[in-house]
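Asker: If you want the building blocks of each chain, they are given just below.
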Amino acid sequence: MTEFLQHLVNGLSVGAIYALVALGYTMVYGVLKLINFAHGDVYMVGAFAGYYLATLIMGGSYDPDATTATIFVQALVVTVGAMIICGALGYTIERFAYRPLRHRARLTSLITAIGVSFLLEFGFQLKPWFKTPIEFPPGSSFRVFPSLIPRSQWEWAENTLGVSVSNLDMYGLLMAVVLMIMLQYIVYRTKFGTAMRAVSFDWQTASLMGIPVNRVISWTFVLGSALAAAAGIIQAVSRPKIDPLFGLMPGLKAFVAAVLGGIGNVPGAMVGGLVLGLAEEYVAGYTDSSYRDAIAFSVLILVLLVRPSGLFGRVTVEKV
Amino acid sequence: MRAWPIVKSFLPFVIGAPIFWALGVITPEAFRLILITVFVNIVLAVSLNVVNGFTGQFSLGHAGFMAVGAYTAAKITIALDGVQLAFLPPAVSDQVFFAFALACAMVTAALAGLLVGMPSLRLRGDYLAIVTLGFGEIIRSIIENSKPLGQATGLSGLPQRVNMVWVGLCAMATIVMARRLATSTQGRALFAIREDEVAAEAMGVDTTGYKVRAFVISAAYAGLAGALVSNAIQLCTPRMFTFVRSIEVVVLVVLGGLGSITGSVVAAVVLTIGLEALREFQSFRMVSYAILLIALMLTRPQGLFGTHELWDLPFIKRFSRTAVRAKEAP
Chain A
1 MTEFLQHLVN GLSVGAIYAL VALGYTMVYG VLKLINFAHG DVYMVGAFAG YYLATLIMGG
61 SYDPDATTAT IFVQALVVTV GAMIICGALG YTIERFAYRP LRHRARLTSL ITAIGVSFLL
121 EFGFQLKPWF KTPIEFPPGS SFRVFPSLIP RSQWEWAENT LGVSVSNLDM YGLLMAVVLM
181 IMLQYIVYRT KFGTAMRAVS FDWQTASLMG IPVNRVISWT FVLGSALAAA AGIIQAVSRP
241 KIDPLFGLMP GLKAFVAAVL GGIGNVPGAM VGGLVLGLAE EYVAGYTDSS YRDAIAFSVL
301 ILVLLVRPSG LFGRVTVEKV
Chain B
1 MRAWPIVKSF LPFVIGAPIF WALGVITPEA FRLILITVFV NIVLAVSLNV VNGFTGQFSL
61 GHAGFMAVGA YTAAKITIAL DGVQLAFLPP AVSDQVFFAF ALACAMVTAA LAGLLVGMPS
121 LRLRGDYLAI VTLGFGEIIR SIIENSKPLG QATGLSGLPQ RVNMVWVGLC AMATIVMARR
181 LATSTQGRAL FAIREDEVAA EAMGVDTTGY KVRAFVISAA YAGLAGALVS NAIQLCTPRM
241 FTFVRSIEVV VLVVLGGLGS ITGSVVAAVV LTIGLEALRE FQSFRMVSYA ILLIALMLTR
301 PQGLFGTHEL WDLPFIKRFS RTAVRAKEAP
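Residue numbers (this note's numbering), protein chains in the order written: chain A, 1 to 320; chain B, 1 to 330.
So the derived list for chain B, only partly shown, Cβ under 10 Å to chain A, looks like this:
| hint | residue |
| --- | --- |
| 1 | Gly56 |
| 2 | Phe58 |
| 3 | Ser120 |
| 4 | Leu123 |
| 5 | Ala129 |
| 6 | Val131 |
| 7 | Phe135 |
| 8 | Val244 |
| 9 | Val250 |
| 10 | Val251 |
| 11 | Val254 |
| 12 | Val287 |
| 13 | Ala290 |
| 14 | Leu298 |
| 15 | Pro301 |
No farther apart than 25 Å at their CA atoms in a straight line, the calculated lysine to any residue pairs in the SDA-like style are these:
| hint | chain 1 | residue 1 | chain 2 | residue 2 |
| --- | --- | --- | --- | --- |
| 16 | A | Lys131 | B | Phe281 |
| 17 | A | Lys33 | B | Val198 |
| 18 | A | Lys241 | B | Val244 |
| 19 | A | Lys191 | A | Thr92 |
| 20 | A | Lys241 | B | Asn145 |
| 21 | A | Lys33 | A | Gln184 |
| 22 | A | Lys33 | A | Val306 |
| 23 | A | Lys127 | A | Leu248 |
| 24 | B | Lys147 | A | Asp288 |
| 25 | A | Lys127 | B | Ser288 |
| 26 | A | Lys127 | B | Thr242 |
| 27 | A | Lys127 | B | Val244 |
| 28 | B | Lys147 | B | Ala79 |
| 29 | A | Lys33 | B | Leu298 |
| 30 | A | Lys131 | A | Gly81 |
| 31 | A | Lys33 | B | Thr299 |
| 32 | A | Lys241 | B | Val287 |
| 33 | B | Lys147 | A | Ser289 |
| 34 | B | Lys75 | B | Ala99 |
| 35 | A | Lys33 | A | Ser298 |
| 36 | B | Lys8 | B | Gln186 |
| 37 | A | Lys131 | B | Phe284 |
Honestly, the hints are just simulated from the structure, not real lab data. Virtual Cβ for every residue (Gly too), placed ideally from N, Cα, C.
The following block holds chain A by itself, in its conformation from the complex (with noise of 0.2 Å):
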């Protein structure tokens, strides 16, 4: 019993790490239906932007004396900033990568993104260009994260459950949970969410509506590049070995979550990743943790062989 707690504990912080990516997938593959892959590398550069402004605003670690008010809202800076940093990255790469190709064929935007995740993973490994006030680029050795907030394991949990709990892993999940009701939000109640859903749709029609549609493709980007940088700094903070191909996996993994909950379908992402992270802590858990990586993708055959729609999709018919 305590294992199987411990196992929903790991799973459901991975899960909601993968959740959090998984939007961005879902979301760009909803507008544009073009697979996103350098956006497990936005992930990375947001566990990088986290580390940088940690460095530079609480030098390196929090202040011990401070009181616990300040290192929240320097945490809060820290996660904001990095998210602010991602979405300008995603708008960029959506500016100059995507759409001066969006007329092409599909096959040519997944090559570019293929590029651009390259681009980004050993742009992020060359030898520093510059030492201060920060080294960028990183370099390809791993670095530490700083301990945004001091770490505590949730007692009651150990004594009674026997399960550990760190109040990282709570803050984790608890932001994770808060950022996907803000989304929910923002894509079910807003007019910006109307306009994404009438894009996805039919962007040619909701253009002719008047929606701006480049606008509103630019926004999504912004969004779902956000809420990776949000999922890489809850990852880094908990798990704090950062490197430049870290993103890699988790990436891939989130879109075999965007996948399973149906890709375009945000909740369906949200379900995905929360099941696909117990799905391979469980499976890991109780089995051969050496195959940890081949579960998700295990999965994600069989979901395409067995329901190419996910679990929430809807199913379309191609027509000619």
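Got chain A sorted already, so can you dock chain B onto it with the hints?
Answerer: Here is chain B on its own, set in the frame of chain A:
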């Protein structure tokens, strides 16, 4: 005269073999591996072109099939090292066994291709890309966890059998295969699928069947390339066959032009040698791949040659036309 077509199909290889042998002799030791890499990259690029260029599907799992072929050949060459066919001199016997290993590598890689292709080729373009990528990673994950295959450290100390003749002939075989495929009924069906899958299906082309066949052929040659490259460096590790390796091949194919055999060959030669010159700036190597890929897609998404071949280029066409006219004139 009935034997002529058979002779004609083997003639290039008979002529090619001594040329490659001479090439191997005159190449200085420092350039030997580079030249082998060039030939292996030709095999990889041309074989991937069969799926990505001819058929218009998008596979990102080429490295996985390379791994299957490489490990098969490595296991066989290690097992048969020291075994000798009594009626042959040792060097020849080794080469015979290596030929056997290469054939096995192609067969196992083709089987892997069949296994991967059957379920995934029912999917559309970008999904297929991710699924093939996923399969590539699964293959690698299995190898990394398999004791007999040496797990993450891989197999080392393979007895070296590869020489310039092997890689040269394999590159030639791949090119001939692709060329013949392109001009055959099979090739027509693949092109039809590339141009419009729904229309091809409506015209009675068994789209899934042809796609799987193209995939299997491509996987077999990827296995061959994997076997050659691992034997050339006498090492076989899972790290050699990551997703990055697949992308490198995709860059070659896209750069040369999806669907152009000569394009893939030219891209493989130019890019391999060009990037070798950049070896001092190793860290820029992958960055330059990325920039090349983006710039190419933005400016010339069909690649250097598009679906054309080298001899379709205007100035070469004009040249050959004058040549033909000169021959016909008297």
